[in-house]
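**Student:** Given next are the chains, with one letter for each unit.
2 protein chains.
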Amino acid sequence: MLKARRDGYDGHGNALVNNQHELESHQLKGSVYAEQFVSFERELAVIVVRGHDGACVTYPTVETRQDPRLHICRTVLAPTDVDAGAIARAAVEAVGGVGTFGIELFQLADGQMLINELAPRPHNSGHYTIEACSTSQFSNHVRAVLGYPLGSPAMRAKAAVMVNILGADQPGAVDVDRALRIPETYVHLYGKEPRPGRKLGHITSLGSTTDEALQRAQQAAEHLRL
Amino acid sequence: MLKARRDGYDGHGNALVNNQHELESHQLKGSVYAEQFVSFERELAVIVVRGHDGACVTYPTVETRQDPRLHICRTVLAPTDVDAGAIARAAVEAVGGVGTFGIELFQLADGQMLINELAPRPHNSGHYTIEACSTSQFSNHVRAVLGYPLGSPAMRAKAAVMVNILGADQPGAVDVDRALRIPETYVHLYGKEPRPGRKLGHITSLGSTTDEALQRAQQAAEHLRL
Numbered sequence: 001m002l003k004a005r006r007d008g009y010d011g012h013g014n015a016l017v018n019n020q021h022e023l024e025s026h027q028l029k030g031s032v033y034a035e036q037f038v039s040f041e042r043e044l045a046v047i048v049v050r051g052h053d054g055a056c057v058t059y060p061t062v063e064t065r066q067d068p069r070l071h072i073c074r075t076v077l078a079p080t081d082v083d084a085g086a087i088a089r090a091a092v093e094a095v096g097g098v099g100t101f102g103i104e105l106f107q108l109a110d111g112q113m114l115i116n117e118l119a120p121r122p123h124n125s126g127h128y129t130i131e132a133c134s135t136s137q138f139s140n141h142v143r144a145v146l147g148y149p150l151g152s153p154a155m156r157a158k159a160a161v162m163v164n165i166l167g168a169d170q171p172g173a174v175d176v177d178r179a180l181r182i183p184e185t186y187v188h189l190y191g192k193e194p195r196p197g198r199k200l201g202h203i204t205s206l207g208s209t210t211d212e213a214l215q216r217a218q219q220a221a222e223h224l225r226l
Numbered sequence: 001m002l003k004a005r006r007d008g009y010d011g012h013g014n015a016l017v018n019n020q021h022e023l024e025s026h027q028l029k030g031s032v033y034a035e036q037f038v039s040f041e042r043e044l045a046v047i048v049v050r051g052h053d054g055a056c057v058t059y060p061t062v063e064t065r066q067d068p069r070l071h072i073c074r075t076v077l078a079p080t081d082v083d084a085g086a087i088a089r090a091a092v093e094a095v096g097g098v099g100t101f102g103i104e105l106f107q108l109a110d111g112q113m114l115i116n117e118l119a120p121r122p123h124n125s126g127h128y129t130i131e132a133c134s135t136s137q138f139s140n141h142v143r144a145v146l147g148y149p150l151g152s153p154a155m156r157a158k159a160a161v162m163v164n165i166l167g168a169d170q171p172g173a174v175d176v177d178r179a180l181r182i183p184e185t186y187v188h189l190y191g192k193e194p195r196p197g198r199k200l201g202h203i204t205s206l207g208s209t210t211d212e213a214l215q216r217a218q219q220a221a222e223h224l225r226l
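For the protein sequence lines, the chains are A and B, in the order given. Per my numbering, the first sequence runs over residues 1 to 226. Per my numbering, the second sequence runs over residues 1 to 226.
Worth double-checking, as some hints may not be accurate.
[Claimed, not checked] Residues of chain A clear of chain B, computed beta-carbon distances all greater than 10 Å:
id, residue
1, F106
2, A109
3, P120
4, P149
[Stated by the list, open to error] Stretch-level coverage of chain A by chain B, calculated; a stretch enters the list once three of its residues show a Cβ under 8 Å from a Cβ in chain B:
id, segment
5, 150-160
6, 168-181
Simulated from the structure, these hints should not be mistaken for lab results. Where a beta carbon is used, it is the ideal one built from N, C-alpha and C, also for glycine.
Here chain A stands alone, though its shape is the one from the complex (with noise of 0.2 Å):
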């Protein structure tokens, strides 16, 4: 896998290729870097926050879905069996960083996991904070920066599902009262101008199972067809 030094996101500046050919005739700008691609069973994600003064806070791990066309964050679903706290954490404290960090993980079919981004910013995968948890991401990154102590990054609800609102190729039905309506539900919209693929907003919905939080958070987007 290719990808570019700067200015990658989402998918974009990375390049998948397969041979010699591929490999002459990539499109990315710029320096590039190879990786070994790698095969996976499932993506997580962890906000971690640190402090000045190295204190951390590691939120609950989190399984991201990926929209298989648009490589962008689709869904996240909080929390998950596994614990990738440790190894997020030792990450941020590697680069000495401070403030809210996403760290994002590839687990392996045999249970490994790698890291394969470091977002050194209030990320994608931690919005269902706002909601969920006793301190949000947002809040402890300001609190991380000027130095106050960090709040508790422990989970209000007993499950969260996120789901990026993603504009759609043909707009369809818009009924935030129809959204609003479900149970445990959040609709946040971000007032940006609609197009294809764009994230436009999110939904967070707690539940009492990422199960039910995920079925209220799939039903409400499909009122949301920006």
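Using the hints, position chain B against chain A.
**Tutor:** Same frame as chain A, now just chain B:
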């Protein structure tokens, strides 16, 4: 009790009158009205939100404790062991209100509850809903005014206590750091110019009992003597 017909708040615009002489010499401005003086056991409050379509949500009944000198709300404890939701809702329906209302009540020694005030807006006695409830009084106010369905007012914590930060006569220690270290405690500072008795912010603490939450909030307030 004489009350000014306009612009009264936080005890301003009230004058206790014990005899004909005091009635003739009161200092209230503009036209006034008279109410029978009520000797109450404690003060309660309820947030009610009503939509254009008449749908209502009623938050838990809370106890409000006033500063005896300043006549300003000092502490709000949620929930209480009594339910004034029905009378509060009936009051908002009687005036055909839309949006968030704070309804203040007196609880008498015989258990009777008398409405003292209807505040047609998000109210100090509902600030606890930001952290303690599924939907805050502010969020539901916006939903009501925009004609969206109202969100659940259910408490997400067992107990919550809000303590107002009132400007001190003699400002003392201000140590946000120590306040934020107290568990399940949220500090809101409004960025206002400090003045004795002025509402400069508030603290909400959650807990498994109101006693625990009260202890946390009061401990935090001791570090915020603005």
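**Student:** Against chain B, does P120 (chain A) hold up as non-interface, every C-beta pair farther apart than 10 Å?
**Tutor:** P120 (chain A) is indeed farther than 10 Å from all Cβ atoms of chain B, at 23 Å.
**Student:** Decide, holds or violated, for the assertion that all CB atoms of chain B are farther than 10 Å from the CB of A109 (chain A).
**Tutor:** holds, 38 Å
**Student:** Using Cβ atoms and 10 Å as the threshold, tell me whether P149 (chain A) really stays out of contact range of chain B.
**Tutor:** violated, 5 Å
**Student:** Grab the minimum beta-carbon distance between F106 (chain A) and chain B and tell me whether it stays above 10 Å.
**Tutor:** The assertion about F106 (chain A) holds, with a minimum of 34 Å to chain B.
**Student:** Quick one: see if chain B covers the segment 150-160 of chain A, three-plus residues with Cβ-Cβ under 8 Å.
**Tutor:** It holds, with 4 qualifying residues against the three required.
**Student:** Is the coverage entry for the segment 168-181 of chain A by chain B consistent with the three-residue Cβ rule at 8 Å?
**Tutor:** Since 4 is at least three, the answer is holds.
Against the hints set out earlier in the document, a violation occurs for number 4 only.
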